[in-house]
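**Q** Listed here are the chains, written in short residue letters.
Protein chains: 4
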Amino acid sequence: MKRGFASDNNAGAHPSVLTAIRKINSGHMIGYGDDPVTAEAIQLLKGAFGQQTEAFFCYNGTGANVLSLNAFTQSYHSIICAETAHINVDECGAPEKFTGCKVIAIPTQNGKIAPKAIKPWLHGFGFEHHSQPGIITITQTTELGTVYRPQEIRELADFAHTYNMKLHMDGARLSNAAAFLDLPLQAITTDCGVDVLSFGLTKNGGIFGEAVVFLNSQVPKGFKYFRKQSTQLHSKMRFISAQYCALLENDLWLKNAAHANEMAQILRNSLADIPGITITQPVESNGVFAIVPPHIIEPLMKDFFFYMWDEHRNEVRWMTSFDTTTKDIEDFVTRIKELL
Amino acid sequence: MKRGFASDNNAGAHPSVLTAIRKINSGHMIGYGDDPVTAEAIQLLKGAFGQQTEAFFCYNGTGANVLSLNAFTQSYHSIICAETAHINVDECGAPEKFTGCKVIAIPTQNGKIAPKAIKPWLHGFGFEHHSQPGIITITQTTELGTVYRPQEIRELADFAHTYNMKLHMDGARLSNAAAFLDLPLQAITTDCGVDVLSFGLTKNGGIFGEAVVFLNSQVPKGFKYFRKQSTQLHSKMRFISAQYCALLENDLWLKNAAHANEMAQILRNSLADIPGITITQPVESNGVFAIVPPHIIEPLMKDFFFYMWDEHRNEVRWMTSFDTTTKDIEDFVTRIKELL
Amino acid sequence: MKRGFASDNNAGAHPSVLTAIRKINSGHMIGYGDDPVTAEAIQLLKGAFGQQTEAFFCYNGTGANVLSLNAFTQSYHSIICAETAHINVDECGAPEKFTGCKVIAIPTQNGKIAPKAIKPWLHGFGFEHHSQPGIITITQTTELGTVYRPQEIRELADFAHTYNMKLHMDGARLSNAAAFLDLPLQAITTDCGVDVLSFGLTKNGGIFGEAVVFLNSQVPKGFKYFRKQSTQLHSKMRFISAQYCALLENDLWLKNAAHANEMAQILRNSLADIPGITITQPVESNGVFAIVPPHIIEPLMKDFFFYMWDEHRNEVRWMTSFDTTTKDIEDFVTRIKELL
Amino acid sequence: MKRGFASDNNAGAHPSVLTAIRKINSGHMIGYGDDPVTAEAIQLLKGAFGQQTEAFFCYNGTGANVLSLNAFTQSYHSIICAETAHINVDECGAPEKFTGCKVIAIPTQNGKIAPKAIKPWLHGFGFEHHSQPGIITITQTTELGTVYRPQEIRELADFAHTYNMKLHMDGARLSNAAAFLDLPLQAITTDCGVDVLSFGLTKNGGIFGEAVVFLNSQVPKGFKYFRKQSTQLHSKMRFISAQYCALLENDLWLKNAAHANEMAQILRNSLADIPGITITQPVESNGVFAIVPPHIIEPLMKDFFFYMWDEHRNEVRWMTSFDTTTKDIEDFVTRIKELL
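Chains as they are written, first to last, in the working numbering: chain A, 1 to 340; chain B, 1 to 340; chain C, 1 to 340; chain D, 1 to 340.
Think of the hints as simulated: they come from the structure by calculation, not from any bench.
From the three backbone atoms N, C-alpha and C, an ideal C-beta is built for every residue, glycine too.
Zero decoy hints are in this set.
Examples of chain A residues toward chain D, derived with CB under 7 Å:
| # | residue |
| --- | --- |
| 1 | Gln74 |
| 2 | Tyr76 |
| 3 | Glu128 |
| 4 | Gly222 |
| 5 | Lys224 |
| 6 | Tyr225 |
| 7 | Gln229 |
Can you build the whole structure from these sequences, using the hints too?
**A** So this is what it looks like as structure tokens:
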């Protein structure tokens, strides 16, 4: 089917991922993670995030987020995030349901939160009537395509730790952030003090699977039981692990992400001179947010599927992915020009 | 790696499954199930279970079970199952956690429950102090390798419906039961009055994915939200759907299951004359349960991995799978004879 | 002990409440609500709110709120309230924990929400990634002492019903609102379209107990089981019911509330001319909110206990109750003047 | 109303309890437990159970049980109890709903469990597929009126601790057990190694209120937030505390319980010679269980309310309480004789 700009999860898998799966398919391996492919994948993750890290595979981003948040909270805690956070608006209340916690959503301009914006919500410590602030969660890259700089993350981690809270990063598109910042994964996570990370590769060329990665905190007692109880433990684990191997070896994750980012830059640049189109967020990863003339939206969607972001102001979201081509963008921009 | 007898989920994927995945990999498709591959898979499921059925894909058996049970319960209901049921002993409390329901586990000899055994637990209807009986769940084939006959299922369904309850079937190994009974899938599910089915193919040659199939009951309002909230909604859905297509087309599911069953029969027969080995359950699917001399267990496990079933009486479980060969069994039996 | 201005729940019980309890104490009555005292209390509530209403007693306001919200939601719904709502800030996440729902908190100036402020949050209907808007809850009187006018409630109810949502009222201080508006209870609840009400009398002279009152909606199937499962069903129910009888007979609820309101008016008026004290909310019930010079807070608290409302701007909350006397207020104001 | 034999919670409150409430009613006290009456009640509980104990008041037995169990479990744990336990059959699934844990119910003859019966359920430690055994809970006196001897409790506590589990006691009728054993409260709880106790007085002459008492374990971090979040924190706490004071001072709890026990003995003795009536459990507290000729049940219930225990074998339960008189029993026995 034709490639569109709806989501990086509308793409298929990178060919190397399929090859890796085929390679480890034959013969029997013990289920649930006690197999050599999983052992190798975990070593690769230790290589990427630091030797002290501990990684646990699960099925998807919502699962990894819920497990990460649950790892450091009791039900009387609150979870603090940006109002635009995936956990707040796109998980149908999964965090509340599984953790029992209150989610406090902080308004932002660009999807990023900072200590200053969080501070006013930190009160009632020790007062039993109030949910106790427990964990801060940020998305890297954010749902608006913006990227936290290392210093910003460090400040958030220090801030969280000052209040005896933890910092979680939803890294569904962490690869795109690393590519944009031109920094190793460890430099923008572990080294910045992030406690636990949801590290996803599905949006970057995988089929399924996500990793909960403990970076700077001991794995909480009981974590493995929570993974099972949350329905997020896969039996034929080698098939998730093989994908991680494929994407971590030879920096395929980086090539894929860098490519997607580049495509977004080209798209942005191609639109720069078109009157009537306003880019609404800095393009720092693989998404372009734009306000466009309303009459072009429907016909354009017919040819290249994508989603509205904010109907009230005719803002759309265009996502590129590892398999987007310059030709795709040319065709897309041509069609936009025709419609205008 | 060497094939063992630990579990049918220790096998890899059937080559046709990999081929099917490769075939639908290129290009973009809308995520979360609104794609043509998923549409085709659902049509195949309607073909297998009846045109009125509605199917929803999710990640795994625990997920499908939890979603099925949740679909017809409120938290004040009880869930009735055999003591040996997967939902009771192998899901780390996932049903209780997600549904809030009480699980009532009924002792059995062979993994099968019947109205007569359930009846004594059905009291307190309308009395607010008691969890209200809500749903009966059976496993086909059972965790002990035994198979419910259609008449037994029909009686359970009628019984459940008399009390305004529902009947759920955990069909992680439904294919093996159909192969054993030599009956179509519909004849042993829909036609017997089962309301909702967890239909798994992972243990029968798949990579990941399970289906919640509503057979005789309308899909409860809100089911799709529960799937998302339970973390069981996959983004790149086509990859689950393609596996269902591969296994449902040309009855690959049946060939795989029939083969595994046959291997179990051969194993059982090969052991029949060996003194000191007692088969403890009728071999009706792809599992052989046996009491063996304790001294052979450890050395045998070293060569062919498998699990203890009941340590107190030296009972082991040997599972065959779609890729078990007669040579595997010969080698295994030879080794057993050597050790005795 | 000395009376202060901390909370109306710092008062004891009205003497008539104690008398009523003594009156029904002797002899045996069936537990859990099937007794004549409870029958009488329910009749009185039907008299107050309309014959079609159905009432269920429970222990406290948090319990009544959680049960009311749970009655009309599934875990994938969202609950919409003012940011200052008791359910949002003073129940330690009880609504999230018990219902599994997302709570959406809307900023307000005066503790009141209106359709216009809610509208922007109502999107994603039918989209499985989003918690589905399920119920709006308002507090009457609000946590800021302000009172919704009947027309405002009617608009909220119509608005909710347009979107297939319900309207819940947290009426912990409903009596004070009725006294302020000089309207019967039914006129400001049932007649305005409220679906379910938490009707509390603890803050108005009771010892313990709260009522969930279904006004315009059928009692949802299973409600009584949820009450039990939530730990909110009392065994010796007559003791809650007797308090409701005492307060509903001869309009004691109204006398108590009107008195408390009057005391707040006197306090407000006594402070009007004092320089340095700014009343921050209209005084419409039994609370006075004021910004005061910071240096007087601590010494004043020593003599008359009360709570800070907003530390950042030296705003305090002074609550009157059914047993506050004009002498109490004189002493309090005198002390304030001394400290200034 | 006439006194019957349905339940000790069908009685009203002891007059001293009402007096105590009236005594502390006037004036203001800080809510939620920071008041002098609560301080005194806690001191009395320390006196009764040992100085190291920590007590928290809540509303009722189900609340106290849920909070106690939750205090020492995570959702992946299992809770082990007798099949007849109140938490298993009379709380509508409250423990499962609030804790998320699996409840494992062990069949018994007399309502008592012992290490030998529990042992077979303790497996799968460390295996993530199984709920991990977390806490054992026993009821004293049991739901069948039988009483654990100190040695039996000690063995259960040692057994639990060996497996790194905790021991909880549901002491809704602990007073009756202490009276029967003629031992101080501490001797049959703290000194036997019980970790946490639900200590109820409602069935022994109170109006409402229960205490969670930590005997030999530190109060788990976060307990007070769980109490609030579970809806079990009372605002006007002094009214619960005053009842505890009334019943603990001058051993009123013991007098009440001893009286109820004595009444049960008299009832049992009065029935001893009546042909056709079979006492089914040793009478060790305030309940008499008996199989009676079916034709007398309905007419007898009309005059003296009581409950069926086991309909299948015409077994009834007759409970005495602190206010049962010898005259009540004479009348009851006379009526039984008439009906036979």
